[in-house]
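A.B. asks: Sequence:
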Amino acid sequence: MTPASLIQRRTLVRAAAAATVSAGPLRALAAAPSRVRYVLAIPTLSVVISNQTSIPTALGYYDEESVRVEPVLAGAAGITGAVQLVASGNQNMGSGSFIPVMSRAAAGQDLGLTFFYQQIRSYPVEVAVPTDHPARTLADLRGKLIGVPTLANEGVAMVDFAAREAGLVPGTDLRVIAVGSGAQAGQALRSGQVAAYVAPRSQTRQLESLGITMRALPSPPRFKDLFGASTFARRDYIARNRRTVVGVARAIAKSTVFLVNNPEAAIRLHWKAFPEQMPQGGNPDKALQDAMRVMTAQIEALSFQDNDGTHRWGYFRPQSVAALIDIFGWTKVQRPQDFFTNDLIDEINAFDAGKIAAQARGFRV
Numbered sequence: 001m002t003p004a005s006l007i008q009r010r011t012l013v014r015a016a017a018a019a020t021v022s023a024g025p026l027r028a029l030a031a032a033p034s035r036v037r038y039v040l041a042i043p044t045l046s047v048v049i050s051n052q053t054s055i056p057t058a059l060g061y062y063d064e065e066s067v068r069v070e071p072v073l074a075g076a077a078g079i080t081g082a083v084q085l086v087a088s089g090n091q092n093m094g095s096g097s098f099i100p101v102m103s104r105a106a107a108g109q110d111l112g113l114t115f116f117y118q119q120i121r122s123y124p125v126e127v128a129v130p131t132d133h134p135a136r137t138l139a140d141l142r143g144k145l146i147g148v149p150t151l152a153n154e155g156v157a158m159v160d161f162a163a164r165e166a167g168l169v170p171g172t173d174l175r176v177i178a179v180g181s182g183a184q185a186g187q188a189l190r191s192g193q194v195a196a197y198v199a200p201r202s203q204t205r206q207l208e209s210l211g212i213t214m215r216a217l218p219s220p221p222r223f224k225d226l227f228g229a230s231t232f233a234r235r236d237y238i239a240r241n242r243r244t245v246v247g248v249a250r251a252i253a254k255s256t257v258f259l260v261n262n263p264e265a266a267i268r269l270h271w272k273a274f275p276e277q278m279p280q281g282g283n284p285d286k287a288l289q290d291a292m293r294v295m296t297a298q299i300e301a302l303s304f305q306d307n308d309g310t311h312r313w314g315y316f317r318p319q320s321v322a323a324l325i326d327i328f329g330w331t332k333v334q335r336p337q338d339f340f341t342n343d344l345i346d347e348i349n350a351f352d353a354g355k356i357a358a359q360a361r362g363f364r365v
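My numbering numbers the first residue of the sequence shown as 1 and each following residue consecutively.
Think of the hints as simulated: they come from the structure by calculation, not from any bench.
Using C-beta positions, here's what the derived DEER-type ranges look like:
{"#": "1", "residue 1": "P218", "residue 2": "L151", "range": "21 to 31 Å"}
{"#": "2", "residue 1": "G112", "residue 2": "S191", "range": "37 to 47 Å"}
{"#": "3", "residue 1": "G89", "residue 2": "P134", "range": "49 to 59 Å"}
{"#": "4", "residue 1": "A357", "residue 2": "A322", "range": "27 to 37 Å"}
{"#": "5", "residue 1": "I177", "residue 2": "T137", "range": "19 to 29 Å"}
{"#": "6", "residue 1": "G362", "residue 2": "L151", "range": "41 to 51 Å"}
{"#": "7", "residue 1": "G192", "residue 2": "R136", "range": "12 to 22 Å"}
{"#": "8", "residue 1": "G281", "residue 2": "A106", "range": "41 to 51 Å"}
{"#": "9", "residue 1": "Q280", "residue 2": "K332", "range": "42 to 52 Å"}
Taking lysine-lysine pairs in the BS3-like style, the calculated list, with each CA pair at most 25 Å apart, reads:
{"#": "10", "residue 1": "K332", "residue 2": "K224"}
{"#": "11", "residue 1": "K355", "residue 2": "K272"}
{"#": "12", "residue 1": "K272", "residue 2": "K286"}
All residues carry an ideal CB built from backbone N, CA and C; glycine is no exception.
Model the full structure from these sequences, guided by the hints.
C.D. replies: Structural data, given as structure tokens:
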């Protein structure tokens, strides 16, 4: 692990400890909690990951499962770095995209990792244009440059598939370049360097706080079956530490119920645990409004879909895994069940979601 990553981890652990102390009677300390090193494939401690960091710590959900989660940010290394850290045993679990794991699997290299809890239930990546742009379909962007946060972003594969569906030639009719995120992406759009931006919905909503309103273009129908970031670990770690793995996922599921039912409290809890994440020097009401805009997009992605009859947190629908294999061209993967498992789902969902929802609706920070 790099020194920068170590600094990030220590900062997160200190903040989590501070949240533990401030929660007072909400927490019930468990004996001998299992230590879990948990890497997040995200560059900043955005409120969108509060269901994995601040909420389960502050409200005692991790304690109820007798786990002590020590989160670390993958930073600029992103999901590729997160996968490497977990595959090497440097971290116990990770949360992020399936792209590196499945790309390797399709090339015949099994990293020994399995996704055991689906975080994002609908595909969050979208092709968006400024609201005043004339484009109404992807085909209208023929010959234009399309921006993505990084070229390792799954949006690249998405654009390629969507281009073929629209009768266009990927890389020729539609070209993708990396423009970063946040203010960098905003500048690329304002200057006309790119005509569109491809990123998770929560990132495109962040551009609105910069005064850039975006409009999503229609996605191919097959995309409705896709899903996003999920939680993963080594298969041998899951086998040896089943109770711990279930406990972490169950605490995240509880926190997700809380977040969905009271996003404002989730944001305030997150800012209390990580005060550096709250915008400084501006209007607090606007800061909350901007955060709520991002959180609303995240709730859309976390919530159950209309065509999902299971309503079990973390569940991988077989048709979704099949769509994933098809759209990303990973047809050489012979045993998808090795990489996406529902084996722990019943145990993960063994809690009273109604009770958590009621707690959330009555909660004030």
